[in-house]
Structures are given as C-alpha cells and as structure tokens.
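S.K.: Here are the chains, one letter per residue:
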Amino acid sequence: MSFLPLSRRSLLKAGAAGLAAAALPMGFARAQSPVTIGAVYVGPRDDFGWNQAHSVAMEILKGVPGVTVVEEENVPETDAVTQSMESMINLDGANLILATSFGYYSPFVVELAKKYPDVEFRHAAPLWKDTDPKNAGSYFPYLNQAHYVNGVAAGLASPTGKIGFVAAKPIPSVLSNINSVLLGARSTNPNATVQVIFTGEWSLPVREAEATNALVDAGCDVITCHVDSPKVVIETAEGRGVKTLGHNASQAPLAPKGFITGAEYKWETIYKGYADNIAKGEPLPNFMVGGYNNDMLRNTAYGAGATPEAIKAADAAIAELVKGTPIYAGSLKDNTGKVVIDKSYDNYDPFLDGMNYLLEGVQGSLT
Amino acid sequence: MTVQTAGPAYVTRAPNVRSLKLAESFFIPIAALVVSALLFSVFLLIIGKSPVDFFALVWTGGFGSSFSFQNTLQRSAPLVLTGLAFAVPARIGLTIIGGEGALVLGGFAAAAVAIPLVTNGVPPFLTLPLMAIAAMATGGFWIGLAGWLRHYRGVNETISSLLLSYIAIAIMNFFVEGALRDPASANKPSTMPIGDAYRVGAMPFTDVHWGLGAGVLLAIVLYILMSRTTFGFAARMTGGNPRAALAQGLPVGFLVVTCCVIAGACAGLGGFFEVAAIHGQANASLVAGYGFTGILVAFLARHNPLAVVPVAILFGAIAAAGGLVQRRMGMPDATVLVLQGIIFVVLLTSETMYGRLKFFQPGTGADRT
Numbered sequence: 001m002s003f004l005p006l007s008r009r010s011l012l013k014a015g016a017a018g019l020a021a022a023a024l025p026m027g028f029a030r031a032q033s034p035v036t037i038g039a040v041y042v043g044p045r046d047d048f049g050w051n052q053a054h055s056v057a058m059e060i061l062k063g064v065p066g067v068t069v070v071e072e073e074n075v076p077e078t079d080a081v082t083q084s085m086e087s088m089i090n091l092d093g094a095n096l097i098l099a100t101s102f103g104y105y106s107p108f109v110v111e112l113a114k115k116y117p118d119v120e121f122r123h124a125a126p127l128w129k130d131t132d133p134k135n136a137g138s139y140f141p142y143l144n145q146a147h148y149v150n151g152v153a154a155g156l157a158s159p160t161g162k163i164g165f166v167a168a169k170p171i172p173s174v175l176s177n178i179n180s181v182l183l184g185a186r187s188t189n190p191n192a193t194v195q196v197i198f199t200g201e202w203s204l205p206v207r208e209a210e211a212t213n214a215l216v217d218a219g220c221d222v223i224t225c226h227v228d229s230p231k232v233v234i235e236t237a238e239g240r241g242v243k244t245l246g247h248n249a250s251q252a253p254l255a256p257k258g259f260i261t262g263a264e265y266k267w268e269t270i271y272k273g274y275a276d277n278i279a280k281g282e283p284l285p286n287f288m289v290g291g292y293n294n295d296m297l298r299n300t301a302y303g304a305g306a307t308p309e310a311i312k313a314a315d316a317a318i319a320e321l322v323k324g325t326p327i328y329a330g331s332l333k334d335n336t337g338k339v340v341i342d343k344s345y346d347n348y349d350p351f352l353d354g355m356n357y358l359l360e361g362v363q364g365s366l367t
Numbered sequence: 001m002t003v004q005t006a007g008p009a010y011v012t013r014a015p016n017v018r019s020l021k022l023a024e025s026f027f028i029p030i031a032a033l034v035v036s037a038l039l040f041s042v043f044l045l046i047i048g049k050s051p052v053d054f055f056a057l058v059w060t061g062g063f064g065s066s067f068s069f070q071n072t073l074q075r076s077a078p079l080v081l082t083g084l085a086f087a088v089p090a091r092i093g094l095t096i097i098g099g100e101g102a103l104v105l106g107g108f109a110a111a112a113v114a115i116p117l118v119t120n121g122v123p124p125f126l127t128l129p130l131m132a133i134a135a136m137a138t139g140g141f142w143i144g145l146a147g148w149l150r151h152y153r154g155v156n157e158t159i160s161s162l163l164l165s166y167i168a169i170a171i172m173n174f175f176v177e178g179a180l181r182d183p184a185s186a187n188k189p190s191t192m193p194i195g196d197a198y199r200v201g202a203m204p205f206t207d208v209h210w211g212l213g214a215g216v217l218l219a220i221v222l223y224i225l226m227s228r229t230t231f232g233f234a235a236r237m238t239g240g241n242p243r244a245a246l247a248q249g250l251p252v253g254f255l256v257v258t259c260c261v262i263a264g265a266c267a268g269l270g271g272f273f274e275v276a277a278i279h280g281q282a283n284a285s286l287v288a289g290y291g292f293t294g295i296l297v298a299f300l301a302r303h304n305p306l307a308v309v310p311v312a313i314l315f316g317a318i319a320a321a322g323g324l325v326q327r328r329m330g331m332p333d334a335t336v337l338v339l340q341g342i343i344f345v346v347l348l349t350s351e352t353m354y355g356r357l358k359f360f361q362p363g364t365g366a367d368r369t
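Top to bottom, those sequences are chains A and B. Counting from 1, position 42 in the first sequence corresponds to residue 42 in the numbering used here; the numbering is continuous, with no gaps. Counting from 1, position 180 in the second sequence corresponds to residue 180 in the numbering used here; the numbering is continuous, with no gaps.
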C-alpha cells in the first residue's frame, strides 16, 4: 500500500503528458468526429415526469447516425454530478454534456466547463450568464404554452368547468403553468375555474395523493399538476374517476379512461440541434428558450377523456401558439382583484418571468 | 473473539500467533468479497447480463486509470470521515447513526461562520481553520448530546442520534431558507457563497480535495488512540462491559461523551469539507446520505479506524463504477445497490467465521481447553 501514492503520481504525470499530446490532433478531428452526448438525470429515467421526458428524447437521439448517447440516472446535486460528468468525458469521450437538474449548474457545471474547455455543457434551466464559460449554456422551453392547450381542452372536456391543480412550490414557472391552464380553460368556457393546492416540495407522493383526493372531493372533475413526477396524481385521479391533464412527459398509459392531453417537453428538438451543430463544427447557442413557435413543446396524443370539440379547440390553440399569439393578453386581474397584467405580453416577455400572483379565477393563495 | 482474548493473554503475544490473527482478518473479508462477487454474478446471469463485462467495467470505472482512481478517491473522501463517526462510538458499545446530522450541521456552521469573516476580508488561512473548528465543535456537540443523553438520562443513543439528525437538517433548512439565505439564490435557497479564494483545493498531483487527506490522518490518529492508549483501552473495556468498567472506577460518562464528541467532530469535519471544498455554500445538497453510507463503511471495517479507509475507497469505487455500468450496460442505478446489499450481508455473515477456521488457530485444540 505504501507504494501507492508514488505510483499514482507517476501515473498522473504520464496521464497529463498524454493528454497534452493528444489535445492538438483531437481539436482538429472534432469538426467531423462522431458526437457523444452524456446526459445526467437527478432521478430515475422512468419517473413519468421530468427525467423521463429527457430520457425519451435521448432514445430518439440514439437513432441518429453518428450520435452516441450515454445516460446516468439518480445522480444527486452534489459533486457526484461532477464525477459523473467527468467520467463521461474521460471514459466515454463525451463532447456534449446535458445536465438536466436545476442544482447541477452552480458550481458543478460552471467549474467543469472551465476545466474542459473543449467539451460543451448545456443545462436545462435559464441560468447561463455572459460571465459564465462560453462552452456552457442553458436551454429551457416555456411549458406554460402546452399547459394553456391543456386548459383549452379541459374547458370543453370538463362537465363542470372546475379544474384541480396540484402544484409543488409557488415559484414563477409553476404559477405561469397554473395561470395558463386557467386562461386556456376560460377561452373555451368563460365560467371555468382552477383550484390549486401547493404541496411545498417537488416530490411528496403522499401529500400529492391527499391533495388530489381533496380537489376531487371539492368537486373538481379535471385534475392536473406541476410536480416532478405526476404519476401519483394522475393515477389517483383516474382511480377517482375524474379526467386528467398531464405534465412533463406522457402519462397517457396511467389513465386509459380519463386522460385528455398533457403538456410535454420536446427536448429532442434541442438535442438534435446541438448534435447537428457539433457534427458540423458550428458553435452551439449559449442560451435557448422556446415553445410551440420553435417546436420545443408538444401535447400528448388525446386520450379517452377528450371530446371531439375539445380536440378541435386544442388543435386550433396550438396553431395560434405556433404563430406566436400571446397567452397573457391583458388587462388581467389577480385573484385579489388587483390588475397585474396591464396589456398583452409576448409569450417570452421577461416581465412574465417574475410572475408572483394567481389570476382571477384561480382559487388558492401563495402563502 | 471474546473467548480468545479472555484466554491466556501471554500466548497471544507470540509473533506467529499475531501474524496468524492478522492473516485471518485479511483473509475473511477478502473471501467474503469473492463470495459476494460470485453471488452477484449469479444475479447478473439471471437477468441476462455478462458478469465478465460487469467486473471489467467496475475495474475500468473504479481503478483502471489514474482518472478512475481519482474519481473513486473523490467519492470516498466524505465516507472516511462519516465512517469514523460511526466506528469510534462503536468501540465503546454505542450505535450512533446520526453522522448525517452532524455532517449537515457542521457544514452549515462552517458556512455560517464564514459569512462575517469573508465579508470583512479575513484572509483564508485564518478563515478556513475557524470554519473547520466551528464545524467540528458543532458536530461534536451534536453527537456529544446523544452520548450525554445516553449516559446521564438513559436515552437510547441510536434513536436519539437519528432524531437529532432530522432536527439538524431542519435547523439547517430553517436558516438557509430564512435568515442566512443569499438573496441571489432564488430557486435553490443557499447561504452566501464563500468565494473561490476561500475554497479548499486539491491535494498535490491529484484532483482529490484535502478531505481525504484529513480523513486518512484522522483514521491513523484514532486508530492509535483507540488501540494504543489507556483512553482507548478504557473505552474498549467500557464497550465490553460498562458495569465492570464502572466497578473498576473508570470515568465511564467521560469516556462515552468523549467518544461521541470525537465522532461528531469527524462528521462535522466532513461537513466542513463539503462546504469548503465542494459547494462553497450551505444548502440542501449537504443532505446527500454520506452519514448513512458511513454506517455501512464502519460496519464492514469492523469498527477499526484504519480499515475504514480501504472500505470507504471500495464504496467510492463501487459508486464510481456504478455510473459506468449504467452507461455501458444499460442497467438501472439500482443494480449497484444490489451489489452493495450482497456485499453487506455476506460480510456481516462472515463475522461469524472469526476463530472458526482451523488454519488460523494457533496450536489447535490443546492450548484452548
């Protein structure tokens, strides 16, 4: 054992020399070299939610010629993610790392991007700043557009117009999804309401089931949610015999009787774009946001809970969103009666990123 | 075990007897690892995967190159310290499973102490030791509390240390999401970052932070303390029979609380390195389960502080290789947990083999009657 440090040192020196020698030719070869994408997930790949949505996209990428995909699940937001990413770079030859959980970015992605300037890092939340390394970046679709379509369908598919929403935390992206469901539903049923319950955490299955039951007991006949894994909410609602709207990934198999449609990310659009950039030797964009207008979202194929009118209206809403028609077309009041949106805002207006209110028609409070 | 040590003490001084015992304590764990590997191979064959591929990947991912080995060492760094946090009280007969709480609270204390020091520009060579002291003191106090409750109030230390862990995490969350929250950390509440100048770097010629070095050093110190000093002897005697120790006039209360304080300080130091070397701030990521994995590490090391180091490295290697196995063989993350579980059960079972393998017994039969 006592010789170990010595041999490790000499190994390292040899390794460093080897790397230095290899660096140059690799730089030239990269322009047309095959693309290896390493994706890191914070939870299991089959969670019917956030992680599954990414994994579904990676499955599609596996079919793209010249693209190799390596995936690692259940990686916590500690330096374990640094070690996993570094292992992908060193052992799998990854030249693009997709870090898909919020807490991966700082300091882990930022520091590793500095250490490996030849590898591209992209992170799935809008956190990249100009001062961060240029080989890092952010991508983030505005899922509220697909939740708006959910609302449009629910307005016609719901007999009572009462929609229940199980939400994790009252942060802007969640609030925007709630408000978008309401605005969508009101566009097809002016009397529609959304009742919301916050669970306080991203993953609290027991409380999510309780919240779902409470909403059904309160008379809601369509249930949707914004939690990490909607599995529990959708299954509970299906068991109670009410209709459901999905979130993040497809939950259609969980609710064969009541599923209407769901708000889904279409990560493969972004990932294919990155792979294409790398294969052609082009720079990758540092900051990407999008929605229906640039093919970054989709709604899950309509289930048995959707009515023909609901399908027609939802398809029409998607067509409008593709054209960029604004969802927040004011003026709009919050549920305390204060005017919070004074005019029409573009779907990507930074003003909407600071959303801290529930619109009139949403029953619930942020505190 | 007890039969042997209680027997003729002079006999065990003979050099060949000691080397036989040493050989036994190497042979049994290694044999257990081989048996675990065979059992796991059966599991792999049942699910239709190649054991050869698997163990080749474990080698590549855990030890195969200087990068892999460093990856292993990085992952093992916190486990050495939390392993010690379980092993030391175990020698005095206490089952302290609250290392997680001491680590979290220690890390939080380090980050909290750093805030005024960093904002007032106190140089790193003063700030970092103060952070480490704060972390060790806080961790030591926390587990010391469990020891105090045990000795003076008769509260079961396993339960109290576990519950204290939850309280520790709640305290950390309370401050991180409240009074000490950095306003810039909107979506993930954290304390103010200490900044790059105040970060603990890597050890020379490696990418492994100093937490591992500190852990190895502490393991050696604690091994000497527990095996070669009167304090250690008194502690082990108390562990063997507290009543007899009391009857002998040993300061049992002092020994119990001190062992717990040492344990908490080890875990707290682990928290310090998580903050100063990894995160640069305190947040919910401190709650990563290192404290609980440390329990497994200490068990497999048979509560020997020196053995904690290689066992922690083994766990680091399994974790490092686990990622590669997922990526190359398309197996779920849980596969590695199955391997860990098999190793754990087999190693615990192998405990019963000590003193039963004839080959390792000196002067079989005659001496021991």
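Check before you lean on any hint, since a few could be wrong.
Simulated crosslink set (DMTMM-like; lysine to aspartate or glutamate; CA at most 25 Å straight-line) [as the list claims (entries may be wrong)]:
{"id": "1", "chain 1": "A", "residue 1": "K169", "chain 2": "B", "residue 2": "D182"}
{"id": "2", "chain 1": "A", "residue 1": "K115", "chain 2": "B", "residue 2": "D53"}
{"id": "3", "chain 1": "A", "residue 1": "K272", "chain 2": "A", "residue 2": "E282"}
{"id": "4", "chain 1": "A", "residue 1": "K231", "chain 2": "A", "residue 2": "D276"}
{"id": "5", "chain 1": "A", "residue 1": "K114", "chain 2": "A", "residue 2": "D130"}
{"id": "6", "chain 1": "A", "residue 1": "K134", "chain 2": "B", "residue 2": "D53"}
Calculated directly from the structure, the hints in this document are not laboratory data.
S.K.: Provide an ascending list of the numbers of those earlier hints which the structure does not satisfy.
M.R.: 2, 4 and 6
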